[in-house]
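One letter stands for each residue in the lines below.
Number of protein chains: 2
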Amino acid sequence: MLRSMPNKKPLIEQTFAALADPTRRAVIRALSEGDATVSRLAAPFDMALPSFTQHLGVLEDAGLIVSRREGRSRVCSLNPSALRNAEEWMASQRRQWESRLDRLEAHIAKTRTEKSDD
Amino acid sequence: MLRSMPNKKPLIEQTFAALADPTRRAVIRALSEGDATVSRLAAPFDMALPSFTQHLGVLEDAGLIVSRREGRSRVCSLNPSALRNAEEWMASQRRQWESRLDRLEAHIAKTRTEKSDD
Numbered sequence: 001m002l003r004s005m006p007n008k009k010p011l012i013e014q015t016f017a018a019l020a021d022p023t024r025r026a027v028i029r030a031l032s033e034g035d036a037t038v039s040r041l042a043a044p045f046d047m048a049l050p051s052f053t054q055h056l057g058v059l060e061d062a063g064l065i066v067s068r069r070e071g072r073s074r075v076c077s078l079n080p081s082a083l084r085n086a087e088e089w090m091a092s093q094r095r096q097w098e099s100r101l102d103r104l105e106a107h108i109a110k111t112r113t114e115k116s117d118d
Numbered sequence: 001m002l003r004s005m006p007n008k009k010p011l012i013e014q015t016f017a018a019l020a021d022p023t024r025r026a027v028i029r030a031l032s033e034g035d036a037t038v039s040r041l042a043a044p045f046d047m048a049l050p051s052f053t054q055h056l057g058v059l060e061d062a063g064l065i066v067s068r069r070e071g072r073s074r075v076c077s078l079n080p081s082a083l084r085n086a087e088e089w090m091a092s093q094r095r096q097w098e099s100r101l102d103r104l105e106a107h108i109a110k111t112r113t114e115k116s117d118d
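One line per chain: the protein sequences are A and B, in this order.
Mapping of the first sequence onto the UniProt record's numbering: position 59 corresponds to residue 59, and the numbering continues sequentially without gaps.
Mapping of the second sequence onto the UniProt record's numbering: position 117 corresponds to residue 117, and the numbering continues sequentially without gaps.
Please note that a few of the clues may not be correct.
[Stated by the list, open to error] Cut-off 20 Å, straight-line C-alpha distance, at most; resulting in silico cross-link-like pairs (SDA-like, lysine to any residue):
| # | chain 1 | residue 1 | chain 2 | residue 2 |
| --- | --- | --- | --- | --- |
| 1 | A | K9 | B | A26 |
| 2 | B | K9 | A | F45 |
| 3 | B | K9 | A | P22 |
| 4 | A | K9 | A | A106 |
| 5 | B | K8 | A | D21 |
| 6 | A | K9 | B | A17 |
| 7 | A | K9 | B | R24 |
| 8 | B | K8 | A | T23 |
| 9 | A | K9 | B | D21 |
| 10 | B | K9 | B | N85 |
| 11 | B | K8 | A | A20 |
| 12 | B | K9 | A | A20 |
| 13 | A | K8 | B | D21 |
| 14 | B | K9 | A | D21 |
| 15 | B | K8 | B | Q54 |
| 16 | B | K110 | B | S99 |
| 17 | A | K9 | B | F45 |
| 18 | A | K115 | A | Q96 |
| 19 | B | K9 | A | K115 |
| 20 | A | K9 | B | N85 |
| 21 | B | K9 | A | A26 |
| 22 | A | K8 | B | E87 |
| 23 | B | K115 | B | R103 |
| 24 | B | K9 | A | R25 |
| 25 | B | K9 | A | R29 |
| 26 | B | K9 | A | H55 |
| 27 | A | K9 | A | E88 |
| 28 | A | K8 | B | K9 |
| 29 | A | K9 | A | G57 |
| 30 | A | K8 | B | R24 |
| 31 | B | K110 | B | R94 |
| 32 | B | K8 | A | A26 |
| 33 | B | K9 | A | A17 |
| 34 | A | K9 | B | P22 |
| 35 | B | K8 | A | R25 |
| 36 | A | K9 | B | T23 |
| 37 | A | K9 | A | N85 |
| 38 | B | K8 | A | A17 |
| 39 | A | K9 | B | S99 |
In short, the hints are calculated from the structure, not lab data.
Next up, chain A with everything else stripped away, as it sits in the complex (with noise of 0.2 Å):
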């Protein structure tokens, strides 16, 4: 079990605040060209084990890794709803936004439209 405390945060949350370190970013990075067990991607890391699995529990606890046992290691994968959770959220709020910027834009289009009649 890599997972650390329960965390009452939303996951979001957790996922964001997860994404917002270079280690757990060069995880995902890794993680993202395929599985690999917790040892192979502490390798590149001037860091204890100890504070590189508590990383792991970050990125497991905000839904952006699973963990499996496999004989005598522990294999990580990436969980790609996470990252897609948290990418809608913020498509979301950016498309809203350009969509207001659209309806503005025709707007004043057609008071100018509107103006040229008179």
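Once you have looked at the hints, place chain B on chain A.
Coordinates of chain B only, in the frame set by chain A:
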């Protein structure tokens, strides 16, 4: 100026850290519906104005919002490019993972066909 101290962290890190807070996400949601003055943005929050302005500074440093002075007010706008950058970071990890899975699936299908040809 809402900006806080200079921050040497990569912008993507600041974007994720900025979005890991419920007040700041609520500001982004509010601004997705249109520009708003600082005092109008602050109104729904039971928070001292200096603390609220600090949240806006974090959002501005992360490139998520821009602000301008209009008479005696400061008006904030959403800056969709920071959202788009963070979305693209996540989508790129997710797509790499998904395309690897597609290749794996194709490989299994091919192996299965070759076996049944035996």
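Under the constraints set out in the numbered hints, which ones does this structure not fulfil? The structure breaks hints 4, 18, 19, 20, 22, 28, 31 and 39; every other hint is satisfied.
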